[in-house]
Amino acid sequence: MPTPILVVDDSVMARKMLIKALPAGWDVEITQAGNGVEALAAYRAGKAEVMFLDLTMPELDGYGVLETLQAEGLNSFVIVVSADIQPLARERVKQLGALAFVKKPVDPAQIEAILREYGIAL
Amino acid sequence: MNDQLLLTPDQRDALQEVTNIAMGQAGAQLAQILEVFVQLSVPRINITESSSIATSILQLVGTPQSVTAVRQAFSGTLRGEAMVVYDQNGCRDLADLMGYEDDIDRDSERELLLDVGNVLVGACLNGIAELLGAKLSFSAPTIMAEDVEVGRLINPQQLTWNYALLVEVHFTLEVRDFTCHLMTLMPEESIVALKSALDAFMENL
Numbered sequence: 000m001p002t003p004i005l006v007v008d009d010s011v012m013a014r015k016m017l018i019k020a021l022p023a024g025w026d027v028e029i030t031q032a033g034n035g036v037e038a039l040a041a042y043r044a045g046k047a048e049v050m051f052l053d054l055t056m057p058e059l060d061g062y063g064v065l066e067t068l069q070a071e072g073l074n075s076f077v078i079v080v081s082a083d084i085q086p087l088a089r090e091r092v093k094q095l096g097a098l099a100f101v102k103k104p105v106d107p108a109q110i111e112a113i114l115r116e117y118g119i120a121l
Numbered sequence: 000m001n002d003q004l005l006l007t008p009d010q011r012d013a014l015q016e017v018t019n020i021a022m023g024q025a026g027a028q029l030a031q032i033l034e035v036f037v038q039l040s041v042p043r044i045n046i047t048e049s050s051s052i053a054t055s056i057l058q059l060v061g062t063p064q065s066v067t068a069v070r071q072a073f074s075g076t077l078r079g080e081a082m083v084v085y086d087q088n089g090c091r092d093l094a095d096l097m098g099y100e101d102d103i104d105r106d107s108e109r110e111l112l113l114d115v116g117n118v119l120v121g122a123c124l125n126g127i128a129e130l131l132g133a134k135l136s137f138s139a140p141t142i143m144a145e146d147v148e149v150g151r152l153i154n155p156q157q158l159t160w161n162y163a164l165l166v167e168v169h170f171t172l173e174v175r176d177f178t179c180h181l182m183t184l185m186p187e188e189s190i191v192a193l194k195s196a197l198d199a200f201m202e203n204l
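Top to bottom, those sequences are chains Z and D.
Taking numbering that gives the first Met the number 0, I'd label the letters of the first sequence as residues 0 to 121.
Taking numbering that gives the first Met the number 0, I'd label the letters of the second sequence as residues 0 to 204.
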């Protein structure tokens, strides 16, 4: 069965870049969200076994999504994908339950390595 | 407005994302200098006729207030002007953060604003240029206005081009209210060159 994954970014191009960087042959069902509110709706609909989450977004940002998921009992592999490369940003998202932090522009090899590290079937 | 200059929705989205990536680098450098966490904004993009540039800048900065601005010219694949606009309290706060006591003199304050402006402009524009395969060089930063009302920052009559692309990002420090805005102004031919570079970037995705 394909793995439901959710790609969250306010930029259509950024979502495209991320989707292109996913491992070839990974059997996935991709849902896209343009902000944190849409992301939570998709998450609640069971579309996010793995979530790729941007931080800087209108409506609800990535931190807000992580806080909500944490409050509700996080049950998703969240990989934060962000241009914010401050060490503190990385620390904060980890504290909020994100598994990993990937900087933009995304490196396909890094994404594959993270997925393998956490034993996500590719 | 000349339709050829308008950004398509795809081009706008791409420019916003490229700017977002570049400002992440600029913000990280600012954070390192000031030793505080810097909050990044979603970049705002606007093409404007030069006659309405003052109004557009006022909209971007928000409430009318007195500001101080640093400018820097860039040339190469794209040419134009980059400006960093500090609000009234911003200058004072910046001095505080850098560890100056109350006795900072006017010259040291100017130097500080120029230094921070230079770091932000360099990191942000070089970041954009690098992603788009463009090459830029910069003039030394200069103070373009001190304590002027934001609507009067630019005199449209002094601009030599008819249109400008405003790319606006702002940085907010968590520890206090310091905000500064970075904007770029580009003439028509650079807007056209930027559009082609964005198209090429998207085609290669």
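Warning: the hint list may mix true and false statements.
Claimed, not checked - Straight-line alpha carbon distances no greater than 27 Å define the calculated BS3-like cross-link-like pairs of lysine-lysine that follow:
1) Z:K102 x Z:K46
2) D:K134 x Z:K102
3) Z:K15 x Z:K102
4) Z:K93 x Z:K19
5) D:K194 x Z:K19
6) D:K194 x Z:K15
7) Z:K15 x Z:K93
8) D:K134 x Z:K15
9) Z:K102 x D:K194
Stated by the list, open to error - Facing chain Z, from chain D, some residues (calculated, C-beta under 8 Å):
10) M22
11) G23
12) L33
13) E34
14) F36
15) V41
16) G61
17) T62
18) A133
19) L135
20) S195
21) A199
22) M201
Everything labelled a hint here was simulated from the structure, so no lab data went into it.
For every residue, glycine included, the Cβ atom is placed at its ideal position computed from N, Cα and C.
A quick look at each hint next to the structure:
no. : hint            : verdict
1   : Z:K102 x Z:K46  : holds (23 Å)
2   : D:K134 x Z:K102 : holds (23 Å)
3   : Z:K15 x Z:K102  : holds (15 Å)
4   : Z:K93 x Z:K19   : holds (25 Å)
5   : D:K194 x Z:K19  : holds (23 Å)
6   : D:K194 x Z:K15  : holds (19 Å)
7   : Z:K15 x Z:K93   : holds (25 Å)
8   : D:K134 x Z:K15  : holds (25 Å)
9   : Z:K102 x D:K194 : holds (25 Å)
10  : M22             : holds (7 Å)
11  : G23             : holds (3 Å)
12  : L33             : violated (11 Å)
13  : E34             : violated (10 Å)
14  : F36             : holds (5 Å)
15  : V41             : holds (6 Å)
16  : G61             : violated (17 Å)
17  : T62             : violated (21 Å)
18  : A133            : violated (16 Å)
19  : L135            : violated (19 Å)
20  : S195            : violated (16 Å)
21  : A199            : violated (13 Å)
22  : M201            : holds (7 Å)
When the structure is compared with the earlier hints, violations turn up for hints 12, 13, 16, 17, 18, 19, 20 and 21 and for no others.
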